[in-house]
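Novice: One letter stands for each residue in the lines below.
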Amino acid sequence: MEFFQQFAPPHPSPAIYASMVAIVLTTVAIFGGLTYFKKWGYLWREWLTTVDHKRIGIMYLIAALLMLFRGFVDALMMRAQLAMPDNQLLDAQHYNEIFTTHGVVMILFMAMPFIIAIMNYIVPLQIGARDVAFPRLNALSFWLFFSGAMLFNISFVIGGSPDAGWTSYFPLASNEFSQHVGTNYYMFSLQIAGLGTLISGINFATTILKMRAPGMTLMKMPMFTWSSFITNIIIVFAFPVLTVALAMGSMDRIFGTNFFTTADGGMDMLWANLFWIWGHPEVYILILPAFGLYSEIISTFARRNLYGYKSMVASMVVICLLSFVVWAHHFYTMGQGAFANSIFSITTMAIAVPTGVKIFNWLFTLWKGKITITVPMLYSMLFIPIFTIGGVTGVMLGMSAADYQYHNTMFLVAHFHLVIIPGVMFALLAGLTFYWPKMFGFMLNERIGKWAAWLLAIGTCVAFFPMFISGLDGQARRMYTYSEATGFGIWNMISFVGALAIGVAFLLIAYNIYYSTRYASRDISADPWDARTLEWSTHTPVPVYNFAVVPQVNSDQAFWDAKKHGHVLFKDGYKDIHMPNNSGLPIIMAGIFFVWGFSFVFSLWLPAIVTTIAIFACMAYQSFEKDDGYHIHVDTIEKTERKLGGHKQ
Amino acid sequence: MKIDQSLPLEYSTEENRIKILGFWIFLGAEITLFATLFASYFTLVNRTGSGPTGAEIFELTPVLIETLLLLTSSFTIGLAIHAMRLGRQKAMLTFFGLTLLLGLGFLSLEIYEFFHYVHVGASIQTSAFTSMLLTTLGTHGAHVAFGLFWGLCIMLQVRRDGFTPHTANKSFIFSLYWHFLDVVWIFIFSFIYLKGMM
Ligand code: HEM
Ligand SMILES: [Cu+2]
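For the record, the sequence lines run as chains A and B. For reference, each letter of the first sequence is one residue, going -2 to 646 in the numbering used here. For reference, each letter of the second sequence is one residue, going 5 to 202 in the numbering used here.
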């Protein structure tokens, strides 16, 4: 009994017990359903062991949408709690846990996998490749991310959620001030998921450098591929910093080291520095692929080449470099002195320049364009003004002297939500709508989609604009309540209404998926938007091998040129295609990692040692395994192509 | 599989060239990892709390021998790859095995060194400095230990399959890894030990 006590949540409430029951019931339902309909074999062969980048992309997508739900429920609870002064819906501890899990889930388990989902699906198609460079590692990346996410999500029913903020600053995150295991969950789930992301970064950087179709020089890569490339380079150089920081944090909590303690020389500010040396590049990891998606969408629906291709690339390179030298703007008020603050102020404000270049390039692309407002385009149009407001307030926060007024207030919360929601969320929803027909073979309903986009945009403004005011008036962030005398009540009530509108928008999006799955026409062409890049030149649904014949590229709009200027994409005849085999190892290894993380969270040494050995055993197994993949023969390709509507020109 | 005969075996297929580039990118990530450890080390080096300083606990002799062992092993792995290019399997395996033995010697001494530190009252919990010191050394040591394990797997595969594009590629990538660990050690030797003892 003693032993099991440690797994009980330290601050139980009816909501937590209800979630426990819900989790158990859902698990039983899923397992029961799979067994009843005899789908285990199918699931294992076609999905759990797949190494196909398209299927991995779809699994990332499903995970991201689930996490979006979780993150949004957290957000709604917070807004409901703050809606009225002296509200008793949540107590301080629950509020702490919820803003922490909301931040972590939204950034690391929703936005990241959502982006990687689209990268997985689109990048290989966009560069005319058959898969990524290391398909099996790609599966491992997904499963590691997934087991990290699951480890994080069980925290609130087993042992307690982290409560030190998504930044997990020490000494607050130390054993002294965060006594239950919540912060251990933070450390280990991020470590496991981060490992997966790092592997993805290496994989995609290699893919983009080495596997482009003949003729696609670097400066002929489509803009989304460019943005993915830069993003993955940032991942490769930023994530190891997080790895080290998390390892040190875990050791402080579990092995009693003194990295971030307040005794024996420990230095809590070292955590803040390391965290943000990773953390600031991380926000560019989120926004750059989003910019890439906007570039594709805007040039498609303005029916023009992207304006200023070279300056788009250059500005991303500059953003990438600058993103590593601005980290200290997150703690101007924490005592590093005027000189350091001035330097970081200047580098921070400098980022506005390349970002501005990109905004103007989009505007110039629209200028004289033949614009059609589809749902993806509507998101892009709503993005530009809202994001600009978020961005300009970011420059305000970047001024270190003024930041003493804004720091840690709702003003900051308004700023970053107003860049991240239009910048990242809108882009992902736009990208999802844009690529939906390629992924699933039918279009999402435009009418419902437009309603959702407008409602989401309005909801976002209503939810976050009031925070500028209450923030300037001094409403601190991460405070679970406030008194009536502060006068914040009205602003927070407006915010709550905005959050509800966002909720309705999400419901509409879910309904749209349901509605379109049932009623949308399956009879669509492979290129329903009349788009410009290679991913649209192959069949829908995309065959396993992506392209029967490797395309020949002559410009960054190769497919457009093929359609309008008679460029021939597919010159050669069919040849046998070499493909990688499926493998169960990635999911098994990630499962072991899950147990490994869980063991460390609760300091269960025996399973920790056993799983560590098991992980190495898996690697050895992988090393000795002989697996040369298989070949798809010409006659199979011919048959598939005929079934999908004939050879592609 | 298209094999390009004009290139060394480890570069001979497209798959192999992709793997080598991927590994270089991985080394980029490793550089960031060690750079972060070094930066943190320099931040904490003087924060010794109630514990000893570096000068008080470092011992020159084991460190010199470790350095010697590791530098020699970098040379022998080079010879192993050279032998592989000449197609001489026995010589290759001999030098490869020698490399791993030297690595094992290095690791044993490092473990001795750790016992010594704990013995003189510089455990991982003593102060920020000792936490950081042992973590930095330990991360490098863990990489060497992993290298021994990995290298052994590769040797067995070379014995099993002979030189194929696969095994040659693995051996070559292993040599990159091993040289990298040597470079990291040179930094550790100069900036942690020598600077610390001055
Ligand atoms: C969709 C509607 C959303 C609403 C209504 C919302 C609301 C909130 C609220 C009320 C807070 C806490 C403020 C405080 O007390 O400190 C918060 C914090 C935060 N949100 Fe959101 N949010 C939303 C979406 C997002 C998205 C899409 C992301 C990122 C992709 C995000 C990332 C964060 C982060 C990182 C924090 C800081 C957490 C911390 O203080 O540790 N949010 N959000
Ligand atoms: Cu920042």
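Where hints are given, some of them may not hold.
To be verified - In silico EDC-like pairs for lysine to aspartate or glutamate, Cα to Cα no more than 16 angstroms straight-line:
#	chain 1	residue 1	chain 2	residue 2
1	A	K35	A	E(-1)
2	A	K572	A	D632
3	B	K199	B	E19
4	A	K561	A	E622
5	A	K207	B	E18
6	A	K636	A	D558
7	B	K199	B	E18
8	A	K572	A	D558
9	B	K94	B	E114
10	A	K623	B	E19
11	A	K207	A	D83
12	B	K6	A	D632
13	A	K623	B	D165
14	B	K6	B	E18
15	B	K6	A	D527
16	A	K207	B	E19
17	A	K217	A	D558
18	A	K560	A	D520
To be verified - Some chain B residues well away from chain A (every beta-carbon gap over 10 angstroms; in silico):
#	residue
19	A59
20	P66
21	T139
22	F153
23	I190
Just so you know, the hints here were simulated from the structure itself, not pulled from any lab data. Glycine residues also receive a C-beta, built at the ideal position from the N, C-alpha and C atoms.
Novice: Each hint should be assessed against the structure and marked as holding or not.
Specialist: Quick rundown of the hints versus the structure:
Proposed proximity of K35 of chain A and E(-1) of chain A is contradicted: the alpha carbons are some 40 angstroms apart, above 16 angstroms. Distance check on the hinted pair: K572 of chain A and D632 of chain A sit about 9 angstroms apart at the alpha-carbon level, within 16 angstroms; holds. Proximity of K199 of chain B to E19 of chain B is assessed by CA-CA distance (about 44 angstroms); at most 16 angstroms being required, the pair is judged violated. Straight-line distance between C-alpha atoms of K561 of chain A and E622 of chain A comes to about 48 angstroms, which puts the hinted pair past the 16 angstroms bound.
A threshold of 16 angstroms between alpha carbons decides the hint, and for K207 of chain A with E18 of chain B the separation of about 9 angstroms falls inside it, so the pair holds. For the proposed pair K636 of chain A and D558 of chain A, the alpha carbon gap of about 28 angstroms is over 16 angstroms, so the pair is violated. Distance hint between K199 of chain B and E18 of chain B is unfulfilled; the C-alpha atoms sit about 45 angstroms from each other, more than 16 angstroms. For the hint linking K572 of chain A to D558 of chain A, the alpha-carbon distance of about 25 angstroms lies beyond 16 angstroms, and the restraint is violated.
Of the supplied pair hints, the one linking K94 of chain B and E114 of chain B is violated, its CA atoms being roughly 30 angstroms apart against a limit of 16 angstroms. Our distance criterion of 16 angstroms between C-alpha atoms is met by K623 of chain A and E19 of chain B, whose separation comes to about 15 angstroms. Taking the CA atoms of K207 of chain A and D83 of chain A, the gap is about 59 angstroms. The hint is violated against a cut of 16 angstroms. Annotation: proposed proximity of K6 of chain B to D632 of chain A is violated, straight-line Cα distance about 21 angstroms (limit 16 angstroms).
Distance check on the hinted pair: K623 of chain A and D165 of chain B sit about 10 angstroms apart at the alpha-carbon level, within 16 angstroms; holds. Only pairs whose Cα atoms come within 16 angstroms are accepted, and K6 of chain B paired with E18 of chain B is accepted, the gap being roughly 8 angstroms. Only pairs whose Cα atoms come within 16 angstroms are accepted, and K6 of chain B paired with D527 of chain A is rejected, the gap being roughly 37 angstroms. A C-alpha spacing of about 10 angstroms is found between K207 of chain A and E19 of chain B, which places the hinted pair at or below 16 angstroms, so the restraint holds.
Our distance criterion of 16 angstroms between C-alpha atoms is met by K217 of chain A and D558 of chain A, whose separation comes to about 13 angstroms. Taking the CA atoms of K560 of chain A and D520 of chain A, the gap is near 21 angstroms; set against the 16 angstroms cutoff, the hint is violated. At roughly 16 angstroms from the closest C-beta of chain A, the C-beta of A59 of chain B stays outside 10 angstroms, upholding its exclusion from the interface. The beta carbon of P66 of chain B sits about 23 angstroms from the closest Cβ of chain A, which is more than 10 angstroms, so the claim that it is off the interface holds.
With a least CB separation of 7 angstroms from chain A, T139 of chain B falls inside the 10 angstroms interface cut-off, contrary to its annotation. Not every beta carbon of chain A lies more than 10 angstroms from that of F153 of chain B, the smallest distance being close to 7 angstroms; the non-interface claim is violated. I190 of chain B, annotated as away from the interface, keeps every beta carbon of chain A farther than 10 angstroms; the closest lies near 20 angstroms.
In summary, the structure is inconsistent with hints 1, 3, 4, 6, 7, 8, 9, 11, 12, 15, 18, 21, 22 from the numbered list given earlier, while agreeing with the others.
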